[in-house]
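S.K.: Going line by line, the protein sequences match chains A and B.
So for the first sequence, this note's numbering puts the first residue at 1; every next one is plus one.
So for the second sequence, this note's numbering puts the first residue at 1; every next one is plus one.
For the record, the hints were derived by calculation from the structure and aren't laboratory data.
Bear in mind that the values here come from a model prediction, so they are computed numbers and not experimental data.
Check before you lean on any hint, since a few could be wrong.
[Claimed, not checked] Cross-link-like lysine to aspartate or glutamate pairs, in silico, EDC-like; alpha carbons within 20 Å at most:
1) K528(B) <-> D46(A)
2) K528(B) <-> E60(A)
3) K514(B) <-> D538(B)
4) K38(A) <-> D467(B)
5) K148(B) <-> D205(B)
6) K293(B) <-> E283(B)
7) K293(B) <-> D338(B)
8) K428(B) <-> D46(A)
9) K38(A) <-> D538(B)
10) K263(B) <-> E274(B)
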Amino acid sequence: MPLRLKSMPLQIFLNASLEVAPGTPVSRVIAQLGLPIKEVTLIMVDGRRREADFQLQGNERLGLFPPIGGG
Amino acid sequence: MSRILRLNMADQSYRWQEVPPAYAGLGGRAFTSRLLRDEVDPTCHPLSEANKLVVAPGLLTGTPAANTGRISVGGKSPLTGGIKESNSGGLVSQKLARLGIKAIVVEGKPEEADGFYLVKISTDGVEFFPASEYEGIGNYRTMAQLWKRFGRGVGVMSIGPAGEKRLTAASINFTDPHGRPGRAAGRGGLGALMGSKKLKAIVVDDKGTAPSVPLADPEKFKAAARKWAKFIIEHPVTGQALPTFGTAVLINIVNEAGALPTKNFRSGRFEYAEDISGEHMVELIKARGGRTKEGCHPGCLIQCSQTYHDAKGKYLTSGFEYETIWALGANTLIKNLDEIAMIDRLCDDFGLDTIEMGCTLGVLMEGGAIPWGDGPAAIKMVKKVAKNDPWGLIIGNGSVFTGRALGVDRVPAVKGQGLPAYDPRAEKGMGLTYATSPMGGDHTAGYTVATNLVKCGGDGDPLKVLDNPDALQCIVDMINARYGLSLTTGDVGTLGRQVLHDEISFNQDAGFTKAHDRLPAFFKENLKPHNVTWDFTDAEIDQVLEDL
Numbered sequence: 001m002p003l004r005l006k007s008m009p010l011q012i013f014l015n016a017s018l019e020v021a022p023g024t025p026v027s028r029v030i031a032q033l034g035l036p037i038k039e040v041t042l043i044m045v046d047g048r049r050r051e052a053d054f055q056l057q058g059n060e061r062l063g064l065f066p067p068i069g070g071g
Numbered sequence: 001m002s003r004i005l006r007l008n009m010a011d012q013s014y015r016w017q018e019v020p021p022a023y024a025g026l027g028g029r030a031f032t033s034r035l036l037r038d039e040v041d042p043t044c045h046p047l048s049e050a051n052k053l054v055v056a057p058g059l060l061t062g063t064p065a066a067n068t069g070r071i072s073v074g075g076k077s078p079l080t081g082g083i084k085e086s087n088s089g090g091l092v093s094q095k096l097a098r099l100g101i102k103a104i105v106v107e108g109k110p111e112e113a114d115g116f117y118l119v120k121i122s123t124d125g126v127e128f129f130p131a132s133e134y135e136g137i138g139n140y141r142t143m144a145q146l147w148k149r150f151g152r153g154v155g156v157m158s159i160g161p162a163g164e165k166r167l168t169a170a171s172i173n174f175t176d177p178h179g180r181p182g183r184a185a186g187r188g189g190l191g192a193l194m195g196s197k198k199l200k201a202i203v204v205d206d207k208g209t210a211p212s213v214p215l216a217d218p219e220k221f222k223a224a225a226r227k228w229a230k231f232i233i234e235h236p237v238t239g240q241a242l243p244t245f246g247t248a249v250l251i252n253i254v255n256e257a258g259a260l261p262t263k264n265f266r267s268g269r270f271e272y273a274e275d276i277s278g279e280h281m282v283e284l285i286k287a288r289g290g291r292t293k294e295g296c297h298p299g300c301l302i303q304c305s306q307t308y309h310d311a312k313g314k315y316l317t318s319g320f321e322y323e324t325i326w327a328l329g330a331n332t333l334i335k336n337l338d339e340i341a342m343i344d345r346l347c348d349d350f351g352l353d354t355i356e357m358g359c360t361l362g363v364l365m366e367g368g369a370i371p372w373g374d375g376p377a378a379i380k381m382v383k384k385v386a387k388n389d390p391w392g393l394i395i396g397n398g399s400v401f402t403g404r405a406l407g408v409d410r411v412p413a414v415k416g417q418g419l420p421a422y423d424p425r426a427e428k429g430m431g432l433t434y435a436t437s438p439m440g441g442d443h444t445a446g447y448t449v450a451t452n453l454v455k456c457g458g459d460g461d462p463l464k465v466l467d468n469p470d471a472l473q474c475i476v477d478m479i480n481a482r483y484g485l486s487l488t489t490g491d492v493g494t495l496g497r498q499v500l501h502d503e504i505s506f507n508q509d510a511g512f513t514k515a516h517d518r519l520p521a522f523f524k525e526n527l528k529p530h531n532v533t534w535d536f537t538d539a540e541i542d543q544v545l546e547d548l
């Protein structure tokens, strides 16, 4: 199933679709992208905060963020 | 010992007052709200002589500690009719502290026929000058001329045409370290209060003062201040994200969370969020020769401000904040960052609150006065505020007033103040803050975005500052070493509750009831993408302040 990926850590900015097998944890996607897992502190799946062990089923919108704050 | 400076605008006189013991441990908002509670009749007209404008540095301002240079401005709000504290960066706060001034209280008002005045405060004392030559002039030129007249680097707080006209969306602007009006006490129309006092500007020159205010225990202070600086630099948000992208770093993540209010709070995601994101802003700044990092006051380690140039590489605006970019961008569907920056510049120049103007432009578009997303039309509209144009008088009075003028019932405001940049349906904690803050629709009183959305400040642990259990203690240590006190973190919590008591009781006496602690009815509508609504019962909302 296609997975729409939306990731914008400090220096990386990409919008792409990835194919993952249902049940793939977010942590594996992060590793596959070569992102430093420690710096990805915020994970959003379909706009909801999730942990790195959250399992993707496909067709989700994934956002990976470094530490962010402000306002 | 520091003193309180009272300016009487009725006869342009001043007097010094020793700080009463009950005020000794108060700074910033704690000071302004207590003074208003003690001295201002909550039922007075905000533009009448009975109201007072209070300006107070924080308890640690003027010390060498990092990030202690912000300032609180208070008064009965011309916009909400309730108590107000609005705060800002800039140069004024630290200079006041070094001059030994705990607060300025502006009282009385001159005859209507009188022109505007300007007040200069320095080691030589306090002087009043007629300010007719600056009347009708924007904050950019006013500040440039005042630097020319009184010396580069003096602190200035001033109002633009909006404040002079006593429009209720008017801000008070503060010089940034470059002499620009990019910093503002924006919320609540305090610029109109300053205008009603016929006070165009206060100039503060600290030449001849010691670099630091006196410290009761310099060694202990130094140790705590060093620790404090380390906390700020080492935390990834204050040490990396904010300096790199400014507060606009939030656009993408709040959009991703489905909480970025779009088209006058119709949906939680903006199709063009990336075009107005902090990441895109930084790309443009770098390509055009602006500056990505600037402090809003000397001694700031976070440096989340910036200098934004236009496409030709010419200075356009500074202090380009998340709230501003959301309000003038996603909320109005304007997706061109240069157009948003131009409106921000006009707001700083005319002395207008950018959040209120964003909500107001949304209401204007809602009412069909200008098309959605039309940046040039919005710029043209905002320019009318500085002219003798009825449209300018309407929009300069904010979102609720504009809604009335146009017969619009979809107005995102609580207690008369336009809402900030988080949809209360998808960020419900902020909704409770909007509903119950004595300030009206405000994002600073209970900033649950940190814990709910971005996991900063712990997952809901109010005793952690910067995710560090020692940081709050560190702040208390600095206060103790500055004043020779032995406060605990518990005392600080008690003080916070006391501030809210002062503010809520002021509002109650001004006529506010629980019925005012409510969000507009349209928040019952479904919000995409999460399909959520504002579903708290009135009883649940009232619980927020019950145990205070």
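S.K.: Against each hint, give a clear statement of whether it holds in the structure.
M.R.: Hint by hint, here is what the structure shows:
no.: 1; hint: K528(B) <-> D46(A); result: holds (12 Å)
no.: 2; hint: K528(B) <-> E60(A); result: holds (16 Å)
no.: 3; hint: K514(B) <-> D538(B); result: holds (9 Å)
no.: 4; hint: K38(A) <-> D467(B); result: holds (16 Å)
no.: 5; hint: K148(B) <-> D205(B); result: holds (13 Å)
no.: 6; hint: K293(B) <-> E283(B); result: holds (13 Å)
no.: 7; hint: K293(B) <-> D338(B); result: holds (19 Å)
no.: 8; hint: K428(B) <-> D46(A); result: holds (18 Å)
no.: 9; hint: K38(A) <-> D538(B); result: violated (42 Å)
no.: 10; hint: K263(B) <-> E274(B); result: holds (16 Å)
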